[in-house]
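K.L.:
Starting from the known structure of chain G, arrange chains B and D with the ligands on it as the hints suggest.
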Amino acid sequence: MSPTKRPKERIGVYVCHCGSNIAGVVDVAEVSAWAGKELEQDGVVVARDYKFMCSSLGQELIERDIKEKGLTRVVVAACSPHLHEPTFRAACARAGVNPYLFEMTNIREQDSWVTTDKIEATKKAKALIAAAVGRVAYQKPLESLYVPIDPNVLVVGGGVTGIQAALEIANSGQHVYLVEREPSIGGHMAQFDKTFPTLDCSACILTPKMFDAGNHKNITLLTWSEVEKVEGYIGNFTVTIRKRARYIDESLCTGCGVCWEKCPKKVVDPVFEAGLGYRKAVYVPFPQAVPKYPVIDRENCTYYLKGTCKACEKFCPTGAIKFDQQDEILTVKVGNIILATGYDLFDARKIPNYGYGRLPNVFTSLEFERMTNAAGPTLGKVVLRDGVTQPKSVAIIHCVGSRDKNYNNYCSGICCMQSLKFAHLVKEKTGGEVYQFYIDMRTPGKTYDEFYQRIIQEGANMIRGKVAEITDTARHPSEEGKLIVQVEDTLVGKQRRIPVDMVVLSAGLEARADAKEVAQKFGISCSADDWFIERHPKLDPVATMTDGVFVAGACQGPKDIPASVAQGAAAAARVLSIIGQGEIEIEAATAIVDEATCVGCKECIASCPYQAIQYLEDKGKAYVQEALCKGCGTCVGTCLPKSISLKHFTDEQIVAEMIGAMQTMKSFETVEAA
Amino acid sequence: MPQMIDERAKAGLTPEEDLSLLHEVSMKTAGDSHVEMCIQCGTCGGSCPAGMDMDHTPRAIFAMLRAGMREAVLKSNTPWMCVSCYYCTVRCPQEIHITDVMYTLKNMAVQSGMVQDSTASDFSRTFINFVENYGRSFEIGLAGLHNLIHPRLALRLPNMAPMAIGMLTKKGMSPLPPKRIKGMKGLKKILKRAKELEAA
Amino acid sequence: MSDYIFYPGCSMESSAKAYYDSVMSVCQALDIQLNEIDDWNCCGATEYLSLERMPAYALIARNLALAEKQSNGSKTVVAPCSACYLNLAKADHYMHEDKAFGKNINEALAAGGLHYTPGKLAVRHLLDVVLNDIGLEAVKAKVVKPLTGLRVAPYIGCMLPRPDYGNRYSDTENPTELDDLLRALGADVIDFPLRTACCGGHMTQIGPGTAFELIRRLVSTAADQYKADVMVAVCPMCQMNLDAFQGQMNGYFKTDYHMPILFFTQLMGIAFGADAKELGFGSEFVSAREAMSRIGVQTPEPAADAPAKKKPAGLPMPPPLVHASQTTTHSKEAGQ
Ligand SMILES: Cc1cc2nc3c(=O)[nH]c(=O)nc-3n(C[C@H](O)[C@H](O)[C@H](O)COP(=O)(O)OP(=O)(O)OC[C@H]3O[C@@H](n4cnc5c(N)ncnc54)[C@H](O)[C@@H]3O)c2cc1C
Ligand code: SF4
Ligand code: SF4
Ligand code: SF4
Ligand code: SF4
Ligand code: SF4
Ligand code: SF4
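Chains as they are written, first to last, in the numbering used here: chain G, 1 to 674; chain B, 1 to 200; chain D, 1 to 336.
It is worth saying that the hints were derived from the structure and are not from the lab.
It is possible that some hints are incorrect.
To be verified - Derived list of chain G stretches under chain D, where covered just means 3 residues or more per stretch with a C-beta under 8 Å from a C-beta of chain D: (1) 266 to 276; (2) 356 to 363.
What the hints assert, rightly or not - Listed next, the in silico DSS-like pairs over lysine-lysine satisfying Cα-Cα at most 27 Å (straight line): (3) K482/G / K227/D; (4) K482/G / K254/D; (5) K254/D / K188/B; (6) K189/B / K99/D; (7) K75/B / K494/G; (8) K195/B / K179/B.
Glycine residues also receive a C-beta, built at the ideal position from the N, C-alpha and C atoms.
Excised from the complex, chain G in its bound form (with noise of 0.2 Å):
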């Protein structure tokens, strides 16, 4: 098919240097100038190029030549619509061309930084405008929608981060829904003793928050919960999240603690901590949880296993076992969510030369965590897994699954800082003596260096290498009954065996094993490792693709507290900014029925990915619901009668937008055949 009479428009093109980035590879003079002499038929009646085009003086030059030369269509070839379409659709509307007759082209990503070949990206530039000028006659004027935007809040995740979102949303007066898939909120903060670089105490400065949250009026706290579904879009979810049957009545609960004294079933606990101590079947992880009320673990329970024994019914004084409790499924309806879901540690078993879970006395960073708290399976002491033998010599390994292609390709970021923090704690609680294995220190934060530099005035022996294996095979008699720790030390350019008592491993942070499907489930991506990913790396960190959802702390990527807790609170300031222009703006370019040719059949509702097109019963059509639709196009190739279209995408736009890339490269191909 070809396009309807071309209808005549003034346009208006404008060609960007991006400082070198165009035009380094782009002739952007020879392409502004072929753009006003070659396109001038098709209705360009000026053509400009500029260093940056998104500078106010570049939004002005395109305001300006608007009223002076009274444009009706702009097109602007620049870099990608996601950065800029914005800012010059702004521009057009400021100076009353509606911002649907402008049009982008990306000559960077997909031109001058994809080659580097100078003649062949500026014939491509060339092609890229003629398409754009071809569709942009075409476009029609289109009125964004506003929808209004539900205040209360949905918080994934109750580690600091979630809590430091949580508490910033709930003191601003709006209300959040926190919810944590264990027991208590607090996330791997609440494992750990000590925090670098300060070594304040981290039950110290955590407990607070978690009992405010607990506590605050606005925040709804739904621990042993999880999020099943959630359907709708920014300023309008509805969050479908199962509460888990804990088999406590938590309004009769309180949490004296005489169920899990009593109880007398003890499982190790692989959670919180890290399986190096043990709970109960009836059991709070940690005693300052929050919420305060135990849970009963099913899997390990007697009473469910066979049948008998339900001692924490019969002496809890106040009747709160309930056996017979059902998981309880709640919807709620949030206008934002906040994604804080935190990160697992590395498996350090996937490395055979490092010998855990075959050496006894090799540790992870995690059981060593649990093993310096004063609350933990050894009241504090370091000791050997015999539970009673302090190590004389303790070597601590940096980089463990990290920084190895092996394993995980990308640097843990914290594990440094959490070594030389391990360094300290030995020396501390044994005095004896400690070595530290590592390829690079890693120590960039405010006050970070210094700390480095304590430990090695505390006598920390330092070594450069990346640990080789450790085993228990002994060459000498020196080396006998202990772990030998076998390693080039790189500044010496030898080969050394270190005997040491205990070997701790500083595995890396991984994203979540079940990191897909939650992006899945909220429709955001995960990197080749599996961290979501944020909307711009440098300039919208906590932001997503998806409007509405935003992600903080650990699970976009490692992270140590401070910056947890700094992005928490900027995701709760992004999702604050949206609920106070109290609504938001929706793409105009969805798609619309003609209500003149749909036969009803359906096919349009089957095909939409977003739930977004509804039958309208009394009218026997099809209805696209506008707020829903994401413009995706998926419906239009599957309607028959061809009753639906894209507004800002029909045939005719698309059809001439080819047009005039083919037009272009043909013309060259007969220049240079000539």
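P.N.:
Coordinates of chains B and D with the ligands only, in the frame set by chain G:
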């Protein structure tokens, strides 16, 4: 004119920048060795069962390749001490094919005539002479010839005699050279062509 | 009956005759048909690779080319020697990965009228075939004389699990394949930490000091720390280094170890009821007679005191690694 002392040469660095050395090693190794990706972590040097006896650890060799220290690398005993255990290769965080690079360095050392202690290269040569002429190797002849070439090695080895005799008695091994393979002529042609291709 | 293309390798015909004999006996018992590559040549061990790259690979590839020609339906080349196995696998791998390189090698082969299609054949070691094609159950079914009471140190060496181009082994450092097989024969298998440490390779010929130290580590750990009766090898070079050079090693360090080094097929043969003589017993340097007589006369030696397994009395140990999909989020019961 007073004689100039080139400080770089004194430090073992080639006076002319030899930055192509790393690339050359990479090109002469089968497959993609990733040798330019070394982060100097020392996993290889720490893993190496022969590391204690090497002039330089494998890691140091990779640093020297970067620095263009051609002579020092090709004269070092490091590749010759390598026992091909592949520990370094599977443990290297940058997936560098270290063992294969050691083979390449041996090739380059032999070709440039820079081998210092020829015990190992002569052993390889003797071994290969049998293969190039019979298509098969020959353990007894190998041990004998090798010890003729390197009698001092035999001296270093206490009591080699029972071992050689044991080969004949306990194992019933034949002191005669191996049977020549039928396709010896074809094999010779193949090896000749391969040598030409290597030189190209 | 399973058909395989067989690449014996040079030592099978000379120093490792015991290996050859026992391989033949065991394969017959397990119905493994080995069709020897006609007119195969030496793989060059690690020596040719040390001198010249292209000729070294061409030498190896000639065997693959002959095997491809002769394949007749079966696509697996079996090598009993770890060094031969790795060389064949390496040539196939690099010819496949590095197309230009593969072309060059084929150009050399063409001079002798041959050609090899990279990736066409699977190169495998006999241990892998026995374990994965025949299976432990079938092996167990053949056992008539379990090796009960024999303490064996399973020794895999380097070149089987590393670099492991085909991802055939459970682990590059602690593979358990050989342990499983020996256990199926009824042996008392020690958890030998050096099961993939180096035997010294060609260092016995070049830098004996280096080699003797590597041999000492293996033998002394098996003998002193684990009180093993015998060590079991899967490669003629490993067996030769540890067996034939054990005497020299003793002389060098003034030690007195007598650790018999046997091929895994020799022990399989015994368990299957074959005659010791036919399995090449008696050709080893360090005699296995005493060790074997212990189980031969059915009076197991009073159990040597094995190192006491440390029981985690105080703090729990992490559970064993569950592979891939299965994750352990649930607590396991306390061991008490
Ligand atoms: C051994 C070790 C020591 C450390 N020491 C320090 C230190 O001294 N100083 C420092 O600054 N940093 C330290 N860190 C880093 C610190 O742990 C992190 O910066 C911090 O915990 C990140 O907080 P977070 O809330 O983003 O994630 P997390 O602490 O992991 O919390 C995430 C929370 O989300 C919950 N969750 C996960 N998925 C879901 C889901 N789908 N639905 C609902 N809830 C979910 C989890 O249960 C958890 O409660 C250390 C890290 C390690 C490994
Ligand atoms: S005994 Fe009853 S009231 Fe006390 S913590 Fe347990 S459930 Fe709650
Ligand atoms: S019924 Fe279950 S939770 Fe309650 S005391 Fe017994 S084992 Fe513990
Ligand atoms: S922070 Fe330090 S220990 Fe952690 S991965 Fe990075 S370099 Fe290694
Ligand atoms: S354009 Fe996409 S999102 Fe919109 S109604 Fe059609 S299928 Fe649904
Ligand atoms: S292990 Fe790899 S990255 Fe590390 S020093 Fe050796 S070659 Fe370099
Ligand atoms: S393969 Fe060679 S260089 Fe690498 S660890 Fe083994 S002996 Fe050392």
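K.L.:
Against the earlier hints, flag every one the structure doesn't satisfy and list their numbers going up.
P.N.:
Number 5 - this is the single hint that the structure violates.
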